[in-house]
Structures are given as structure tokens and as C-alpha cells.
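Put the two chains together into one complex, using the hints given.
As a plain string of letters, each chain reads:
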Amino acid sequence: MIEILPDKCDFCGCCVGVCPVDAIELKEAEITIIEETCTNCAKCVWSCPIEVLVFNRNGAGKKNDEK
Amino acid sequence: MMKSEYDIVVVGAGPAGSMAARFAAEKGVSVLVLEKDRDVGYPVRCGEAVSKAGIEEFIPSDPKFIATVINKFSFIAPDGSEVIVPLEEEGYILERRIFDYELAKTAAAAGAEILTRAYVNGLLFDGNKVNGVKFEYDGEQKEIKSKIVIAADGVESRVGRWAGLKTHIDFRDMESAVQITASNISVKPDTCYFYFGEEYAPQGYFWIFPKDSKTANIGLGVGGDMNRKKSALTYLNNFMKKNYPGASVLTRIAGGVPCVPTLDKIVAPGIMLAGDAARQVNPLSGGGIASGMIGGSIAGTVAAESVLMNKPEYVFEYEKRWNDRLGKRHLIFNRIKNGIYNFTDEQFNGIAHAALKLPEEKRTLGNIFKTALVNKPKLLIDVAKVFFTK
Ligand SMILES: Cc1cc2nc3c(=O)[nH]c(=O)nc-3n(C[C@H](O)[C@H](O)[C@H](O)COP(=O)(O)OP(=O)(O)OC[C@H]3O[C@@H](n4cnc5c(N)ncnc54)[C@H](O)[C@@H]3O)c2cc1C
Ligand code: SF4
Ligand code: SF4
Numbered sequence: 824m825i826e827i828l829p830d831k832c833d834f835c836g837c838c839v840g841v842c843p844v845d846a847i848e849l850k851e852a853e854i855t856i857i858e859e860t861c862t863n864c865a866k867c868v869w870s871c872p873i874e875v876l877v878f879n880r881n882g883a884g885k886k887n888d889e890k
Numbered sequence: 026m027m028k029s030e031y032d033i034v035v036v037g038a039g040p041a042g043s044m045a046a047r048f049a050a051e052k053g054v055s056v057l058v059l060e061k062d063r064d065v066g067y068p069v070r071c072g073e074a075v076s077k078a079g080i081e082e083f084i085p086s087d088p089k090f091i092a093t094v095i096n097k098f099s100f101i102a103p104d105g106s107e108v109i110v111p112l113e114e115e116g117y118i119l120e121r122r123i124f125d126y127e128l129a130k131t132a133a134a135a136g137a138e139i140l141t142r143a144y145v146n147g148l149l150f151d152g153n154k155v156n157g158v159k160f161e162y163d164g165e166q167k168e169i170k171s172k173i174v175i176a177a178d179g180v181e182s183r184v185g186r187w188a189g190l191k192t193h194i195d196f197r198d199m200e201s202a203v204q205i206t207a208s209n210i211s212v213k214p215d216t217c218y219f220y221f222g223e224e225y226a227p228q229g230y231f232w233i234f235p236k237d238s239k240t241a242n243i244g245l246g247v248g249g250d251m252n253r254k255k256s257a258l259t260y261l262n263n264f265m266k267k268n269y270p271g272a273s274v275l276t277r278i279a280g281g282v283p284c285v286p287t288l289d290k291i292v293a294p295g296i297m298l299a300g301d302a303a304r305q306v307n308p309l310s311g312g313g314i315a316s317g318m319i320g321g322s323i324a325g326t327v328a329a330e331s332v333l334m335n336k337p338e339y340v341f342e343y344e345k346r347w348n349d350r351l352g353k354r355h356l357i358f359n360r361i362k363n364g365i366y367n368f369t370d371e372q373f374n375g376i377a378h379a380a381l382k383l384p385e386e387k388r389t390l391g392n393i394f395k396t397a398l399v400n401k402p403k404l405l406i407d408v409a410k411v412f413f414t415k
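For the record, the sequence lines run as chains A and B. Per my numbering, the first sequence runs over residues 824 to 890. Per my numbering, the second sequence runs over residues 26 to 415.
Hints in this document: simulated from the structure, not taken from any laboratory. For every residue, glycine included, the Cβ atom is placed at its ideal position computed from N, Cα and C. Any given hint could be a false lead.
[As the list claims (entries may be wrong)] Output of the computed footprint for chain A on chain B, the stretches with three or more beta carbons under 8 Å from beta carbons of chain A:
id, stretch
1, 57-71
2, 201-215
3, 256-264
4, 276-282
[Stated by the list, open to error] To give a feel for the contact side, a few chain A residues facing chain B, derived at Cβ under 10 Å:
id, residue
5, M824
6, G836
7, V841
8, K850
9, A865
10, C871
[To be verified] Not close to chain B: a few residues of chain A, all C-beta gaps over 12 Å, as computed:
id, residue
11, E826
12, P829
13, D833
14, E858
15, N863
16, S870
17, R880
18, N881
Chain B with its partners taken away, still in its complex shape (with noise of 0.2 Å):
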């Protein structure tokens, strides 16, 4: 049965507000995550790629949630220049469905209660401190109260703004998204397809993600300036209408994807936010999902910490934790995500010959980005920091 009063109440029941409940819960402090939808992990709001250590910090490799194991990536150019290169680090396409529903499973195994079907509609207060959730639940509206909430609400992040939080962002710097699951075409199961310039995705990439050898994720994210002149949906009809005109679509998913570095605040008296909520995706890659369960993991940590401890004030810890884990790196790709975001189709081409041009052991992913960036020596060193340390 549900308590009138928890130590903390998390928002949201993705990657981030899984783990932000499963590590607070594993403290053991109360904890209960509200979820708006009917099921954990779906609609699906993904491409479903990770590399495979981002999630074994947090759950065991499993082929129940893993569709195709990935160690290749294919760079497309505008003019059809195809440059492979081979991983040094296996990656999978997740079936997220599943994995989302596996992720919730762990956190209430620790210990934690999950509500779905609960939409949170505002937030209760003590003074200027937040000190609890308003819902609607079964056609009612409902109060709980709590020492700390964890706003792990995704894209929308609405739920720090009732806190006072700057969350939205420059439409330009949301990648606006839209992805097909097709089936009925022929795919290497295990190749990630990366296509960019003009035609595909301005500002942005197309992907094709195996989920096996005949099914794939296909989809696009364009930067918001580019969508407001030509939808990403059109981009996807008319790429399937070129490439794949007999494809069977099993679902479609729209999306935005917000490629900008971390809030500067993520952090008011009494509440946290974590994952696409606190713009925690990679700027560069438009990853969210290990870098979502990170933040999630922080937060919910030092929540339940700032519980035990009788210190309301020790929340604002995580901004620092955050910003030693992946914070900094986020900045730092961010900085590498603007000197390539407007390369016009010849520079994607030029990059393109240039890599073929290296020798295949040598054709890493570092050493593509520095062929790309090989003008802008500041970058360089941005690019050196992010892909040749560990």
C-alpha cells in the first residue's frame, strides 16, 4: 500500500529514475517513483545503441534485452564514401522494452515502489523548499509527501521548472527526431550505419541500427533550425522511399533529443534532476541512456545520503559529483559537436577520402574525428582529451 509520506519520491521510471531509485533504495531510505505511463519502458523514445560497459555498470549483459551485439560502425559521406570502422569496444541495440521493464525490476527489488499510471502535475512546498508531489492517479488528485524528489521526467522536464529551474532549451539545440522499426529489409546485424550531409540529416545524422538481419531502427535527428524549414519526417519518407520502398513499419516513434551540456542548476532546495530531464545526454553522440542511468545512480545516491544524514543542503553535492563523472566530458564534447554541426556536404566528403586513406588499424574513432577537425587545432585537443585518455 502506498505511504502518505516518503524519504524521497522519483519522477519518472526511465533508465535515470530506475537507478536514481534503485540507489537511493539500496541505502535503504523510503522511496517511490511515480510513472505517467500505462507501462515501464514503453512508447519506446529510442534508437536502443549502447556500448556494452555503459550498462554492465549497472545490469548484467543479458540476451533477453539485447537484439544484436555491434562492432562495427559504417560512416556514410554525402557523395556514398563508406568508411568502416571497427569498434574497440562491442556495443549492442538494446530491445529497451524489455530492458527499461528489467532496469525498474532492480530498483524495486532493492527495495523501491513503483506507481505507473500516476502523472505528476505539480509540486508541494515548504517555504521555498520542495517538500513533496501533486498526481492525478485512477481519475483522482493526490498529494505525497517527500524530503527530497528526483525529477527524472525526460525531455519534457517540466517537473524542475515548478521549482524554479531554467530546464527548457534553445530549439536549435534540440535535435528533433523521428524512427521507424522496419522490417522485410536485408541489414549486417552487426553494423551501426551513421549517414550524413544535406539529404539525410542537416545538423544531425541518420542511422540504420540492426535490431537482426532483417529488422532495424531507422531514423534522424536534425537540428530544430533545419526541422523548421523541412521536418525530419520528411527526411525519413523520402530516404525510405529511395532506399527501402517495400519495408514493413512495426512502430513509429517522433523525438527530441536535447544535444546540449548539462543544466548549469540541477539542484534546488529539495529537488534533483537527473537524466534527459537535466540534459545529461552526450552533445556529440545523442546517447542518453548510460549517461541518463549515471546521473541517476548520483542523484539517488546522494539523496538518500542527504537523508541519512539529516542535511537537506548536501543535495547540491550531486552538481559536483555529476560534473567530475561527466559533466566536464559533456562540455568538452559539446565544444567538438559545434565545430563539425555545420560541415557542408564537400567537408563530410573530404573526411570521408581522407580517412579511407588511413590504414585500417588505424581508422579509430578518435583518429576519424581528428581527420575531421584536422583545421581547428583547438578541437584537436578537445578531441585528444575525450578519445585517447582513459
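With the rest of the complex left out, here is chain A (with noise of 0.2 Å):
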């Protein structure tokens, strides 16, 4: 599962406009992966210039997961 690390997005589209099914929305200041759409393919991953986003392979949100 891709994770979105905190506070690092600066929301420049580049993610979108490569990942192939549109699981990514982005709006002003927020973005979101559409899990239910996401392949975890990690082209998101490769291509964000800035290191925001982590292939998870024990799934997503495992921080929250773990009590």
C-alpha cells in the first residue's frame, strides 16, 4: 500500500499525471489516494521529486494499525 508521509506534499501533480488509474486526487493543499482504485503499482512512488510517498508492503495506515 502507498503511504502519503506527513507534511511533505508540496500538491505538484506530478504522481497523477503518471499514475495509470486515476487513484490520486489532488486538490489546493490535499491529496488522497483512492485506495479502492489503487493497484499498488509504486509509479507514484518512482516519480514524486520529493520523496512524499513509501511503498508500504504490509499495508496501509500501519501506524494506526498497531496499537
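Given below as C-alpha cells:
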């Protein structure tokens, strides 16, 4: 699953332009990955110029799942 | 007051969207522009370099949006060899936050309505024809009908996808870019610097574009496959540490530059794409201000003609006009890009050494590319086509 590191994104749209399934929503200062659509291909991670996105093998929201 | 229906709705108020809106409105049709950000022109996602001719086709040069006038390019090879090329045609470094504003004002003056903080999140359809947009404004979900939607929504290019157009590009062809505006440094205000090679920006280039003698846009773009191994940000931080450790950073932006030829399909029933959304960037230089304005102006003109003639299928004329004006040229630029994209440091050094042997008056951009591609005769013809014909 793709994790968005907090407080790092510059909302530039680069990742959105390479996502093959339109799974990224980008507003003026808000980015969301639509989990139902995302295929975990990691292309967004590879293209982000400032290392905002990370591929998390153990599932999304890991931090939240851990009690 | 906003109406419930317009002839044309434009998504995005960048250079492409504003020119689409202006050229359509000038023909007398009703136009609404929807921009998601609070401010037209801000945040700036750009190095701000443009040729004088590129902007003067659309707006007279004005000191209020021109930071510096450029008349030299300096190319720096991996071994430090510097090749200075006097420009045949003057260039500018813009203040895009003012420039984009002024462009939008010309659209407004022509009669287009503009709404900011309006985030488009869907399309309306009549059968398979697009006939309007859905958007969020002021905390409410709204709808507006239109005969034609022009999607000028930039590099993300989502709007076209909702109409079934394939707009996403391979991540390897997207240049991953990052730039800071640095101050308290010393630069020559009339020269744009370009650095090449593994250390600076593999599969791309590193740039310093001066905004005055103490301030510059400093950034780079690397091919997606390179960014995957080492991010654009890392290259930038390394460069700054080494070369300008005391610089103040006034802004930082990230960005994607779609360095590909124009999409095969930029029109579907009821919708046209323009600017970065249509991938109308020059794939060799990564410049998209001037080409986006050209794409937008053609889209706006054809859209208005289609409305006035009441001929919905006329929108497809846009593809032809774009290809004749720039699309075919971009195919050639893309071939040249592919020819030099994977050059090694030794190859770049070799080109610089050969270029330095050219007498100064022969050191033109075209001749430098000729030198670079001397072992690729087929590409030399391409270079001749785009650099030696007017
Ligand atoms: C780092 C970097 C440096 C660059 N340097 C240069 C340079 O030196 N020279 C040059 O010529 N080009 C340069 N470019 C390219 C240039 O910035 C673009 O090609 C140009 O801005 C494209 O114009 P546009 O109108 O198509 O898109 P944009 O200027 O990106 O405008 C698109 C607009 O659409 C809005 N939008 C997007 N989605 C929605 C939505 N859903 N609803 C409402 N509004 C929406 C956005 O907020 C934005 O305002 C650079 C690009 C980058 C990333
Ligand atoms: S992982 Fe792939 S599908 Fe998921 S958001 Fe990123 S690019 Fe899109
Ligand atoms: S590419 Fe990176 S910085 Fe740009 S919008 Fe995507 S996550 Fe944010």
C-alpha cells in the first residue's frame, strides 16, 4: 500500500500524471490515494521528486493499525 | 453572477486555460473558467524561462512580469567545460505569479468569467458526449452545463480521463523536477545556465535561471527511472551544499514535466484538452508556457467556431490545427531528445570540447545539436528541420 508521509507534499501533480488508474486526488493543498482504485503499482512513488510517497509492503495505515 | 449554463467551460487558469478562455470569448460565446486554487498564477510550478517571441504572440512585453532579459545560454559539461552560446532571439525570465494574472485579465477583458477555489471533480454527459462539469465550490457540490469543456488542468490531466481519453504517461517519460528560488547568491542576470551529466541530472538537466544579480531559480529535472533510484531533491540538495551553502531559499516547488509528444487523442465529443493536460510541452526543452498558450488559443478558437456553427463534431478540427502548428515539430524534438537522453558523461564532455572549437559566431543552438548528433546522421536531418528552417 502507498503511504503519504505527512507534511511533505508540495501538491505538484507529478504523481497524478503517471498514475495509470486515476487513483490520486489532488486539491489545492490536499492529496488522497483512493485505496479501492489503487493497484499498488508504485509508479507514483518512483516519480515523486521530493520523496513524499513510500511503498509499504505491510499494508496501509500501519501506524494506525498497531495498537 | 454565475449562470447555470455556458457555451464553454474551461478547467484550469494557467497559460493554456486563460488563452483558451480569451480566444473563445473574443468570438462572442459565453465562457466560464474554473480554477481550483485560491490564486491565479500561484503557486508557481515553473522555471519561468520563455522566448520573447513566445509570449509576444499573446501579450506585449511588460516590465511588471519580466524579471530579467536573457541573451546568452551557458552549457556546462560534466568535466566543467563551459560553452557559451549567444542567443539569436532574446529570452525572458518571467515573474509567473504576475504573468499568469495578466493573462487571466486578458481573458476577463474579452468577457470570460473566472472563478477561483472551484475544484472540478467530475463531468456531465449526454449519452457519450460531455456536456458540463461537476465541481466543489464554497463547501458545496455544484454542476454547470456547457456545450464544450476545455480541460487545461495541467500535468495531472484528470479531467480528460473522465471522458475516456488516455492522458497518463509512462513514469519514465515524466521528468521529476524540483526547484528553489535562492537569494543572496551571485549570478549573471543575462545568462541561463544548463548543467549536464550524472552528477547534476541524469536523463535531464540542471538549471540556474537568474531573476536578478542576487536571485535565481535553481532546479533540475531527471527522468522517472533516475528519480526512482535517487530523487530530484537529493540532487538539488547536493548541488546547493557544494555550490551555494549560504543561500536563502525564498520558495521551493516540486513538479512533473511531461516530456513526450502530444497525446494521440486530445479531443472527444464535447471535450478538448490543452496545455500540459494534452502533453503539449516541447519534449526536448521541457518548456510549456509558450506551447501551452498556442494550444489553448487554438482550442478556444475552434471551440467557439463549433458553438457558433452549431456543429459539435467540428471540435476535431483542433487536432489538425495543433499538429500543423506544433504537434509535428514536437515529434521531431522528441526524436532528438531520445538521441541525446542517455548520453554518458564522456559524450557530453566530447560535445563541449568540439563545440568550443567552433568559432564563436558559429556557436548557435542548431550547430551545437549538430555537433552532438554527428554520429547519428538520421537525427541530423531532424536537427536541420527544426533549427535551420523558419
Ligand atoms: C519545475 C518546473 C520548471 C519548469 N520550467 C519551465 C520553464 O522555464 N519554461 C517553460 O516554458 N515551461 C516550464 N515548465 C513547464 C510549464 O510550467 C508548464 O508547461 C505550463 O505551466 C503549462 O501550462 P498549463 O496552463 O497547461 O498548466 P498549468 O500552468 O499547470 O495550469 C493548470 C491549472 O489547472 C488547475 N487545475 C488542475 N486541476 C484542476 C481541477 N480539477 N479543477 C480546477 N482547476 C484545476 C491548476 O490549479 C492550475 O492552475 C516547468 C515546469 C516545472 C514543473
Ligand atoms: S501505486 Fe500505482 S495505482 Fe496506486 S496511486 Fe500510485 S500510481 Fe496509482
Ligand atoms: S509528486 Fe510528490 S509532491 Fe507532487 S503531488 Fe505527488 S506526492 Fe505531492
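Each hint, compared with the structure:
1. 57-71: holds (count 5)
2. 201-215: n = 3 at 8 Å, threshold three: holds.
3. 256-264: holds (count 3)
4. 276-282: holds (count 5)
5. M824: Hint violated; M824(A) Cβ to chain B Cβ min 18 Å, cut 10 Å.
6. G836: 4 Å, holds
7. V841: 4 Å, holds
8. K850: 6 Å, holds
9. A865: 9 Å, holds
10. C871: 7 Å, holds
11. E826: Non-interface label stands for E826(A): nearest chain B Cβ at 16 Å, farther than 12 Å.
12. P829: 16 Å, holds
13. D833: 4 Å, violated
14. E858: 17 Å, holds
15. N863: At roughly 14 Å from the nearest Cβ of chain B, N863(A) sits farther out than 12 Å, so the non-interface label holds.
16. S870: 5 Å, violated
17. R880: 17 Å, holds
18. N881: Given a closest Cβ separation of 21 Å, the condition holds.
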